[in-house]
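Q: So you can see what is in the structure, the chains are spelled out below.
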Amino acid sequence: MSLIDISSNLLLIAFFAYILGTVLIAGSIKRNDGAASRAEKWGKAGIVVAVVGFIAQLGYFITRWIYAGHAPVSNMFEFTTAFGMFLVGAFLLIYFIYRVKTLGLVALPIAILFISYATMFPTDVTPLVPSLQSHWLTLHVVTAAIGQAILAISAVAGLVYLLKEVDPKQKSKERFWLEAILYLCVVIIGFVVVTLTFRTMGYEAEFTYVDKNGMEAEIVYNMPALFGMNEYELKTDGVMEPLVELPPYINAKKLTTVVWSFIAGTILYLLYRFIVRKRICELLNPLVKKVNTNLVDEIGYRSVLIGFPVFTLGALVFAMIWAQEAWGRFWGWDPKEVWALITWLFYAAYLHLRLSKGWEGRKSAWLALIGFAIIIFNLVFVNLVIAGLHSYA
Amino acid sequence: MEKVKCVCGHENPFGTKICGKCGRPLTEEAKAQKVLDMKYDGSAIRSKTYNKSIIDKIWNFFSSVKVGVSLIVITLIASSFGTFFPQKFNIQAATEAEKALYYEQNYGTLGKLYYELGLSDLYNSWWYQILVGLLAISIIVASLDRGIPLYKSLKNQRVKRHESFMKKQRIVAHGPVTEGDASKTLDLIAEKMSKLRYKVRRDGNALLAEKNRFARSGPYINHLGLIIFLFGLMLRFIPGFHVDEAMWIREGEIRAIPGMDGYYLENEKFILETYDNEPTRAQIEQGVSKIAKNYQSDVKLYKQPEGAVLGDTENLDLVKEYSIRVNHPLKYDGYSIYQMDYRLNEFKSMTFGLTNKQSGESLGTLTIDLTNPEKEYVLGENTKVEILNYYPDFSGLKDGIPQTASQYPNNPAFVFKMITPDKPEGEISFVSIGAAPVEAGDNEYKMTFKNVETRNVSGLAIKKDVTIPILIVGGIVFLIGLAIGSYWNHRRLWVQQLEDGTLLLAAHTNKNWFGLKKDLNVVTEYAHLPQYIDQLEENDETKREGDDVE
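Chains as they are written, first to last, in this note's numbering: chain A, 1 to 393; chain B, 394 to 943.
Bound conformation, chain B alone:
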């Protein structure tokens, strides 16, 4: 594409608005402006220059700020939809059907619609993820589109700018010095501006004082950070990049840790502590009698030695003893184990006695491990109890057949076969908690409940996420970029001593004109410069500062 040649002889890339060397406005549009549009210093932006091929069109689409902002706003509105009702993954329901039912039961027709539209799993939906992807593309394209030309033009800045450039800046001053010898003025300006930590460059009768140019890189750095962060998030879709498992482990149990091959965990004790404070008004209003103080699982982490048989829990090497509490996960080898849930007083074992109904004579007792019951318990010669059927979580009869709701021993029920010297063929009895035994026929013997032992169960989560370091880097880069772009401003002051002895000044900043003017006030007074004007302020409001300043 042809170059744009400026009057000063400099050849600018096609599409340049302001000559990169002297600053003369090049386009008709720029020439017509009272105050020059200084975005990207008037350099040629690809998306504003080419619009022919399909690639140009795609590029221009994504580099457009309008499109970028639209994508942000669409994401924003879409995100809010997900907060109307709880998201699916936060609902305590096992099956998909139960979840569907949950929405209808709790939120009526709206809830049903919410579920059916897929809003109940909005953030994992394909369209939400595409939206975020489009946003990422927009960030990359827009940054490249503007960042590179801006960088080039700022790097090749000349000290001396053409009058037409300077007079079209927002802040300008023109006139003789107000006091003293004009020949020293540039020295005075240079001296003061250096003190204000500006970098001063001079070229004959011209001067450029510049400060914090790096601030212009802020937006590009923070966009880079965002891209790194989004890249990290994308990696999480690849299997193996993160482990997210859960386990229930009872006190006294040793179990293989899911997702953490070769490691075993022993739960020594689960502890629940509550505060013993007087109930506060908030508690009473919410009907909370006790506030939890601590959830803790005292555990031992074991590693299986090399070459050991899978599932062999006899020979394990102790790696770490730890008390897992909320906010204090057990961390080892990149894995973290979190305290997530608990069940108190789960039945551990039940003890029954085998007694004669009539005489009350006992033939012995047996203790049943409720998670691992034996098939039969031998109490003596010709005396034993067989467990024909076991229902750990008895939930009633269905068509005359006992049902169990889960594998957890919440409400154990048994079908016993009692074999005694009197009744060698055996007597059958169905025993459940809180109900009279159901017998097949008229039994002579019965199982009498003696006692029950309980224990607590810890619910733990096992997590490993190798993308975390990438996310951390992305987050830090983003914050640094944000701080650079927000807390520092790029300020420039151009000065030229004209042939007639007057001074021409122009100043620009990308942000915070108030701060720039403060600097200018200082140098204006020190070097006796003509008073500047802000070409964007209306005439009746030339008062520069707040209502405190007279």
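Bound-form chain A, shown alone:
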């Protein structure tokens, strides 16, 4: 077995370990009513499995690093996977400070979603273009990702806080948005499901189209085209014709993927609602019932305190040093850079509001979730939609 195969297998082990860890932790909470000691055992086992998963993924990371000759953080698959790993690492760090297992109930599934999302992108090792051939790649990206992962724990804590505090039986704005967040998680599952489905089917539809510079170009859809590129012409027989043609400055292929993900996610969500007949937040509410909300609130704050300096160092300072080294300008207003600055400004606002305006508890929890949304936006939207220096695969 070659190094890259070992690496992939380790990632697979980590993936299943995170799933098992989630189940065990959930089990420990569910069973807490009767036999406390047994619940304790389940919970301990859950953490142990999560640690094993983390070590396995660290193994994936290191073996892939050795195989590729550079830190595996250079394309969408690699970065997103690494982010999932750092998220689990950050959870474990916070766990060993505060011993709140319940956070794992949110943190591990998010890591699982991240890794599944990552594997929808090309997973092969790509050689580095000249601008990426620098030790700053490793330093900048890894530090920034660790910072973001620790910041993300505040969103994890925020979600736990809100799942407990927001009454799932009472109609409210908060309940609506909370459910909306959970629905979006289902949409990500929807994305994974449709991608895998059409990939297994081997679906391919070739088009020619006229791009925004007026040049003829080719594009291959791996899902039935809902939207067609500008002046498209279908080249493959027996596949679906696009429903709508879009102007040249919108990437119809990406939009098709997004819409398919929403369709699949919505079907999944409705199916769930039909079977369980409860909102997701109502389903999850009992699992977090025993959490000490004051402590969770403090964990949320603490993770911002720990993560913010790391993020500043990695995403801004190291980024500036590298940009100066590579292009002779430490700042270029590249969309990714701007969104890192926006993330930074946002958490700066969070800290000031918390310190001076006493925004704690619910307000703080919502802010943490918005912060995470900005991080995700920067990872997904800025990379895939807004073109710039950082647009990977």
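There is no bait here: all hints are sound.
Pulled a few chain B residues facing chain A out of the computed Cβ check, cut under 8 Å:
hint, residue
1, V458
2, I465
3, L469
4, S473
5, T476
6, A685
7, V719
8, P722
9, S729
10, Y731
11, K856
12, G868
13, K904
14, F907
Listed next, the in silico DSSO-like pairs over lysine-lysine satisfying Cα-Cα at most 27 Å (straight line):
hint, chain 1, residue 1, chain 2, residue 2
15, A, K212, B, K683
16, B, K843, B, K816
17, B, K450, A, K357
18, B, K396, B, K553
19, B, K505, A, K336
If you are wondering where the hints come from, they were derived from the structure by calculation, not from laboratory data. Just so you know, these numbers come straight off a predicted model, no measurement behind them. Every residue, glycine too, gets a C-beta built ideally from N, C-alpha and C.
Put chain B on the given structure of chain A with help from the hints.
A: What follows is chain B alone, placed relative to chain A:
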């Protein structure tokens, strides 16, 4: 302004909320609180005290956290607008008109609007810069407003605090010792707290254990760092503080380096390497057949000796030989030269033969240097070729006149005048690549294309920035301040042995109550202290730790 005199006799500055000496709440507001607001230790904050003159009002505006946060949020939202479409400086278009057109062509009406609103150059707009300036003022004013009183009050802390101060802390304990001799309790506390690296001070029956007071300075240090950084950025507006030039240099050329007076650069070779890997899925999806591995310009840096004539490239002193690659700029004398761009296989010279159309007889060949063509090429007695017109980048005819798109020899075209013994008055021919020559009349001779030599061109950027050290200092100060403020917490424990033999304890931290409580648990057990309570925790949730602890 009048002083506020406390019951204990201490005179506090006007506006003080908590007496600086004994800790008694002074204002009605403070007296009414169940848990005292310990922000800035209750010292008099200028902005919270004066609001009469116009200066007060301006000061209060900028020192307000609400205003500060609003400015942060406005900057944040404004910044995001600049990422909708590419910024103007990242667009490959020469003129302003072309740039305007770019937005409309690529992004439709929205793009046009984006350009017209100036969002395409948002970060250089006056209003964006004013926004950052306001933020800077807010940082300075707010830091001075709170930092100085806080510093004073922390410096003059007394050990003994009044009961009303202690009972209004978030964490309090009151009661007899749980075990042993109460007379030794303060010694035990002092001993344990010292072990936990607290600084312990005692005053009769009172004790103050304090740790990491410096952590309170964190926010002020990081704000100072930010101000230094912003100051550095401001300096860049002054001309001469930074050089930002670009140059194209062909292989074999020696050129004066723009922005770097007295220095010359010779481009020996430009190298482009690609990987020879099997195309990956990502490559196929993006239609990239080859991935670049290396862009490199092998150069020699020369310096002109003192007193040399400008432009004299004969006598140059070699300073440095270097291979400029991406991520590896050539650095010299504060300047850095970066590999930015390249053009492959630019035409260097073209060789033509002068031949008789009928017989095919050749009267000789000539090689034209395309960047520096001669006026005429003499091939023999009474035989020469004149170049009447040269179009380095021929782009077609406009009103019958040949046009050139640029000065780069991308598509050379010539108007030749061929003078031969047969035709001493000369024959005129227009020659361009890939087209039959256009002749004035019926020529006997023609220019036949023999071959072309090419060379590569390196695109380099020349930068010098004297503000960088200031930015580095600002960045380091900021990070240090941030770390101090985030990773250390100021913790205090006040203890007093009351007349009736009971103990009164109070504790405070600026951040991380969980950590403080851990310390308290240790000392409570060691010195048999009464159990503390957290006055902000609701009664049904007095469980102090996570769900793991039974």
